[in-house]
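Colleague: Please arrange chain R on chain V, whose structure you already have, making use of the hints.
As a plain string of letters, each chain reads:
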Amino acid sequence: MTLADLAACLLVLGLSAYLVLGGADFGAGLWDLTAGGPERGARVRGIVKFGMGPVWEANHVWLIFVLVVCWTAFPTAFGSITSTLYVPLFAAAIGIIFRGSAFALRGEAATIAEARVLGGTFALSSVLVPFFLGAAVGGIASGRVPVGNASGDALTSWWNPTSVTVGLTTVAVGAHLAAVFLAADSIRARQPDMVQAFRARALGSGVVSGLLAIVGLFVVRDDARSLYDGLTSGGGLALVCASAVGGLVTLGLEWRRRFDWARYTAALSVAAIVAGWAVAQRPYVLPGRLTLHQAAASHATLVALLISAAVGMLLLIPSLWYLFRLVLRGKLDTRFGPLTAGDPRAGS
Amino acid sequence: MSHALWVAASSLGGPVDQSYLLEARQMQALSFAVHIPLVCFGIAFPAMVLFVEGLYLRTGDPVYLTLAKRWSKVLIVLFAIGVVTGTLLSFELGLLWPAFMAKFGGVFGEAFALEGFSFFLEAIFITIYVYGWDRLPRRVHFLSGIPIVITGFAGSLMVISVNGWMNNPVGFTLRHGTVSHVRPFAALFNDNFWHELVHMYVAGYVVAGFVVAGVYARAWLRGRRDRYHRTALVVALSVAALATPVQVLVGDWAARTVAERQPTKLAALEGLGRTTKGAAIHFAGIYEGKTGDVKGGIKIPRGLSLLAFHDPNARVQGLDAVPRRDRPPVNVVRFSFQTMVAIGTGLALLGFVYLGVWWRKGRLPGSAWFYRAVVVAAPLSVTALICGWVTTEVGRQPWIVYRVMRTSEAVTGAGGIPVGYGFLVAVYVALGAVAAVMLRRIARRPIEIAGAEPGS
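Protein sequence lines correspond, in order, to chains V and R. 1 is the number of the first residue of the first sequence in this note's numbering; add one for each residue after it. 1 is the number of the first residue of the second sequence in this note's numbering; add one for each residue after it.
Next up, chain V with everything else stripped away, as it sits in the complex (with noise of 0.2 Å):
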């Protein structure tokens, strides 16, 4: 294995942890979209602020980590996908932003008509990021981003099936994880009818997640063959039977309502998946057009930054770990409280 391949180890961990802990975010906000009128979402509502506050922050650094290892390890490539796919990126940056103040904000909100329009925003953008997001992906591994300076078509280049395909995956597996999530924090919040509730979204965005995955590999077959062949042969193959089988157990968790272990083989089937996707398209990080090995950086960058990942990661670990100790334990939770438009205890 050399540095270059143990740098896209590093972004694949990076994608992999964004995808569940930030995607799980954005799942809430979809939970939060739909949860229906001001009183009948009230307490959907709740128990998303209840389990996405403390987290929020930390998972969503995971998206820097993956923009700054690509960057650093392979500049060229970073260039060529940020000039062609600025649409999508540019996008998702505005709803990110829209996203976090919306969030940060909405506890202060003092009418009926702030909350919603703050509310809104959070919600919507939750929804635009991940597509974005994932529809630009779609466009890296359908081979749609040349090497150079916008060199790339600025529409069709995350316009087209596989993009789109990526895109909805992306949002429908994010609010898997999301509803698997919540209702493990439901059942820490000790509200029944809400585990019920997020029972029956897990088990809905569960299977639509499983048949967007499933329509995705005919749609790539038509659309990105080379990635197809990567993704159904050798390892490539390996990684999707083992997310497909990952899905299946989650489900079968789901409903015998262990969410806690849910939780993780949820989380393993996506961390599958994103790996899949590198080993199919391996060895190149714009399919058909740069190698990893062409794409990388100098010897001593790659060095320099895998040894930082790693002493990183040793402080890293134990503080996340650390974390997510105190949340699983209820230590760092508010309480619950129904979110209705206008509650003075939304600020408390």
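Be aware that one or more of the hints could be misleading.
Computed, partial: chain V to chain R, Cβ under 8 Å [claimed, not checked]:
#, residue
1, Val61
2, Thr82
3, Ser83
4, Ala154
5, Tyr264
6, Ala297
7, Ala300
8, Thr301
9, Ser308
10, Leu315
11, Ser319
Hints were generated in silico from the structure; no laboratory data involved. Beta carbons are placed, not taken as given, at the ideal position from N, Cα and C, and that holds for glycine.
Modeller: Coordinates of chain R only, in the frame set by chain V:
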């Protein structure tokens, strides 16, 4: 090798045809100007909050606890907005300057990688700290704040190292347009790094101190003069008053380093058209490109030589030392620089008034004019901060990497910059308005001094 592919793929390998370079620069500048005041709070505010919590731990006085808790709520809101505006900046590096990132990402990227980890730890411990009030044992809670102070410093250290590198690009070899022999740590610790770091770090305390003090000075003028408000004012004003005089000295150091390393930037700061021995300095006035002189303003003979080299007869290199196309826009740089210096001097005087009264009489100043000045100092300190960054960033133009890569060579070839720029302006205007309303609402919430609070 990969860069050769890039060059082959891009049109002739030269700069792309981008009609909206200025708009791209303004877009980056706008995003930066929104983000950088939040960075100040990331640098200085955690230490202020922890200091107040420390007072509570020592005295058990609930006023301190209440203040620390309220400040920590503001801290996490500002951090949350800093996270998302910072994410946009990361995206923009690639969206607006892809050729810069493609060519040099591997040289300075190491600093960002370290910053990424630091930022991560900051996010984790801010969460633990803010959500951990009354839930973690007191001592553990206090300790969980210390990583926030350290990472707030470390994160800005790394980012500033990259900016220092853009002004003093070292740690690589450029042969036939290709980067080789990269030495990431030499790039990290470039010559511009130290003074920029200290200047920005102290600026963080100046800005956070004066902005927080401004909020409480307003309340003071409205008659809210209880112990809670007095404590908040004393902490914030002390931070600001101690940091500002230090900043004047650091500023002198920064200017002398610029004089030595980036003489063209210095010439732009002062509007010095021709290389001169015993150069004069002008306050205010307009630089005229045709004559190379400053028109109007107050002239102090030999002032520039004295300030920049501490020698009244020193020879100072003028703008004429480089061709016209290599010069920055003089008046923008000069106006920003003079504004920063003028505000900084005023803030230092205000700090001395506060320290003087405190030292001689052991109390806050009595005059309402002092508090009015502090209220005005809050936006002025942010203005000085942004002017300082305009000075160094516009002063580096037309280079994105000083004397190595032009900004026009770095810019994206993609379309749609004016659309994106317009969109971003709208987003930030809306966000600014909403944030201002919400922060005022937090400030107006009644203060409930907790009774003897159990620290669990």
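Colleague: Hints first: check each against the structure and report whether it holds.
Modeller: Each hint, compared with the structure:
Nearest Cβ of chain R to the Cβ of Val61 of chain V: about 5 Å, under the 8 Å cut. The hint holds. Taking 8 Å as the C-beta contact cut-off toward chain R, the hint placing Thr82 of chain V at the interface holds, the least distance being around 3 Å. A hinted interface residue such as Ser83 of chain V counts as satisfied when its beta carbon comes closer than 8 Å to some beta carbon of chain R; here the least separation is about 4 Å, so the hint holds. The restraint placing Ala154 of chain V at the interface with chain R holds, with a minimum CB-CB distance near 6 Å, inside the 8 Å limit.
For Tyr264 of chain V, the suggested interface contact is broken, since its CB lies about 20 Å from the closest CB of chain R, more than 8 Å. The beta carbon of Ala297 of chain V comes within 3 Å of a beta carbon in chain R, closer than 8 Å, and the hint placing it at the interface holds. Annotation: Ala300 of chain V was flagged as interfacial toward chain R, and the flag holds, the nearest CB pair being 5 Å apart, inside 8 Å. Hint on Thr301 of chain V holds. Least Cβ distance to chain R is approximately 4 Å, under the 8 Å limit.
For Ser308 of chain V, the interface hint holds, the least distance from its beta-carbon to any beta-carbon of chain R being 6 Å, beneath 8 Å. For Leu315 of chain V, the shortest C-beta to C-beta distance to chain R is roughly 6 Å, which falls under 8 Å, so the interface hint holds. The beta carbon of Ser319 of chain V is positioned within 8 Å of a beta carbon in chain R (closest approach about 5 Å), and the interface hint is therefore held.
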